[in-house]
Amino acid sequence: MTKSFMLSIVTLTSFLGMIRTVSSFRHPSPSSSSLAAFGSRCVSISSLSIRNMNDASVLSNQQRKRSQMKMSSVSNGVAKTELASRLDGLDKPTVWHEFSPLAVKHQSINLGQGFPDWNPPQFAIDAMIDAVTPTKQRNANQYARSAAHLPLAQVLAEEYSAKWNRSIDPMTEVATAVGCTNALYCALQGLIDDGDEVILLEPAFDIYSAHVKMAGGVPKYVPLRSKPLEETDHTANAMFYLDFDELEQAVSPKTKAFILNSPHNPTGKMFSRKELEKISEIVQKNPQMTVIADEVYEYILFDPENSPHISISSLPGMFDRTLTLSSSGKTFSCTGWKVGWAIGPAHLTRAVTSVQQWVNFAVATPNQDAIAVCLKKAHEPYEGHASYYEYLAAEYKRKRDLLVDSLKIAGITPIVPDGGFFIMGETSKVEFPKEYTEEVTDAMPTNPMPRDWAMSRWMTKEVGVTAIPPSAFHEKESVHLAKNLLRFAACKGDETLLEAQRRFKAYFEK
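Heads up: the sequence shown runs through residues 1 to 510, numbered per this note's numbering.
Treat the hints with caution; some may be incorrect.
As the list claims (entries may be wrong) - Straight-line alpha carbon distances no greater than 16 Å define the calculated EDC-like cross-link-like pairs of lysine to aspartate or glutamate that follow:
{"id": "1", "residue 1": "Lys408", "residue 2": "Asp126"}
{"id": "2", "residue 1": "Lys278", "residue 2": "Glu246"}
{"id": "3", "residue 1": "Lys274", "residue 2": "Asp243"}
{"id": "4", "residue 1": "Lys278", "residue 2": "Asp233"}
{"id": "5", "residue 1": "Lys483", "residue 2": "Asp405"}
{"id": "6", "residue 1": "Lys376", "residue 2": "Asp130"}
{"id": "7", "residue 1": "Lys429", "residue 2": "Glu509"}
{"id": "8", "residue 1": "Lys377", "residue 2": "Asp126"}
{"id": "9", "residue 1": "Lys376", "residue 2": "Glu159"}
{"id": "10", "residue 1": "Lys136", "residue 2": "Asp126"}
{"id": "11", "residue 1": "Lys376", "residue 2": "Glu390"}
Unchecked claim - Taking CB as the label site, the calculated pair distances span:
{"id": "12", "residue 1": "Asn141", "residue 2": "Lys408", "range": "20 to 28 Å"}
{"id": "13", "residue 1": "Glu277", "residue 2": "Tyr507", "range": "41 to 49 Å"}
{"id": "14", "residue 1": "Lys377", "residue 2": "Thr135", "range": "31 to 39 Å"}
{"id": "15", "residue 1": "Tyr143", "residue 2": "Glu509", "range": "55 to 63 Å"}
{"id": "16", "residue 1": "Glu477", "residue 2": "Glu281", "range": "23 to 31 Å"}
{"id": "17", "residue 1": "Glu231", "residue 2": "Gln122", "range": "44 to 52 Å"}
{"id": "18", "residue 1": "Phe508", "residue 2": "Tyr143", "range": "52 to 60 Å"}
{"id": "19", "residue 1": "Lys408", "residue 2": "Gln107", "range": "23 to 31 Å"}
{"id": "20", "residue 1": "Asp243", "residue 2": "Glu439", "range": "28 to 36 Å"}
{"id": "21", "residue 1": "Phe361", "residue 2": "Gln154", "range": "18 to 26 Å"}
{"id": "22", "residue 1": "Lys510", "residue 2": "Glu82", "range": "32 to 40 Å"}
FYI, nobody ran anything at the bench for these hints, they're computed from the structure. We treat Cβ as the ideally placed atom computed from N, Cα and C, and that holds for glycine.
Build out the structure end to end from the sequences listed, making use of the hints.
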């Protein structure tokens, strides 16, 4: 058998495999099966022939690349290739894949996932209806400008100009995205080269590290340390702190970005001006570093006089070094609308717009248009409060306090936050059966199962309340820091929170 004939078989096999794939989707029939069977026989013949070849140099570069392709299996002549190496581990089940179905299975009250279980305010719904109603002449039913729907860009520029006491250009310093998650993805794709390092504060929202890896970057973790309970007033701001020596030691010539989240998920910590100034000093010593500030919880504040939200971008020398991200979903209880944004100097927002134009092109225009209206409405009096923002903060503070009382019933010490959706609970006084720590699941971060993970599974099954184990937000080396903690979401309706309280009482006071 000549080499050219063997190569013809290889080419024919690939071609038949492609035909079979298309045929199976469009015209399933007996002839498809016959063709697939013939393709399978050709694969067997060609594979045997190639193994017996002494001189593989006749293969073209393209053919050699195909022959060396990683194949997880071959079925009916169709090769199934592995995912790209940059996705290693990212196709593994996550904490959400495990605990949401577990809560449903055991009819547990799910205080794990951080989204509201109520509808947006009526003015937001009205704005969305107006956006798609032709008689309202909002002109929002076609593609938006790729960088940002101009009405939204103008409102955002006005908002941030007032916050930061500087002029923000709506044409070059505002970019919108499909939620804050998409804004972060685009920013990292636009800023990070292979091998660049990005510093994350642990516990870090799990999306951060995934986005860094997908951009070809290397996550570098700096943990938020915690003080012993007896040395604090049991507030998140007092208990969790950043060791600035550790942060500075994590910086290297390869450090390209630092992701800062305040109010912080999952701890609820809010970084003070003094802390932000120290971070600023470290960043400004390293001209290659950019801060990406995730501020999605900026309006959910419980003590704004003593613990205000401060944007690091507003500090001296930091505007040109910071890309600030936020979104509408948390503020207006419309997480499904997926409207986020990035504000910063043109050389940083360009990272977002340059990627966005080749991915989604633009965010859904009606959604952007509705949020432009909402941002204006939010400053008006609402439900007896001076503004919607004040109402929002008051409602979440009330829900936070309700959940704090519930956790105490369970023997869990709440670490009370001054902002955000979440409450961390210290669980060292709560005992549960050891066999839960001996379970094995696909999503657990280490083996043996971490204590917080096992405790959350036990609480879901036996108590009927589900929390998220914070070890999900740590790398393996620092999972132990979360062993006595659980994260609870307060962004739930009163009846949901009260039912959780009833279940705590029924179990722990029996």
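Hint check results:
no.	hint	in the structure
1	Lys408 x Asp126	violated, 40 Å
2	Lys278 x Glu246	holds, 12 Å
3	Lys274 x Asp243	holds, 13 Å
4	Lys278 x Asp233	violated, 24 Å
5	Lys483 x Asp405	violated, 22 Å
6	Lys376 x Asp130	holds, 15 Å
7	Lys429 x Glu509	holds, 15 Å
8	Lys377 x Asp126	holds, 11 Å
9	Lys376 x Glu159	holds, 9 Å
10	Lys136 x Asp126	holds, 11 Å
11	Lys376 x Glu390	holds, 14 Å
12	Asn141 x Lys408: 20 to 28 Å	violated, 51 Å
13	Glu277 x Tyr507: 41 to 49 Å	holds, 46 Å
14	Lys377 x Thr135: 31 to 39 Å	violated, 20 Å
15	Tyr143 x Glu509: 55 to 63 Å	holds, 58 Å
16	Glu477 x Glu281: 23 to 31 Å	holds, 27 Å
17	Glu231 x Gln122: 44 to 52 Å	holds, 46 Å
18	Phe508 x Tyr143: 52 to 60 Å	holds, 55 Å
19	Lys408 x Gln107: 23 to 31 Å	holds, 24 Å
20	Asp243 x Glu439: 28 to 36 Å	holds, 34 Å
21	Phe361 x Gln154: 18 to 26 Å	holds, 20 Å
22	Lys510 x Glu82: 32 to 40 Å	violated, 51 Å
Going through the hint list in order, the structure does not satisfy hints 1, 4, 5, 12, 14, 22.
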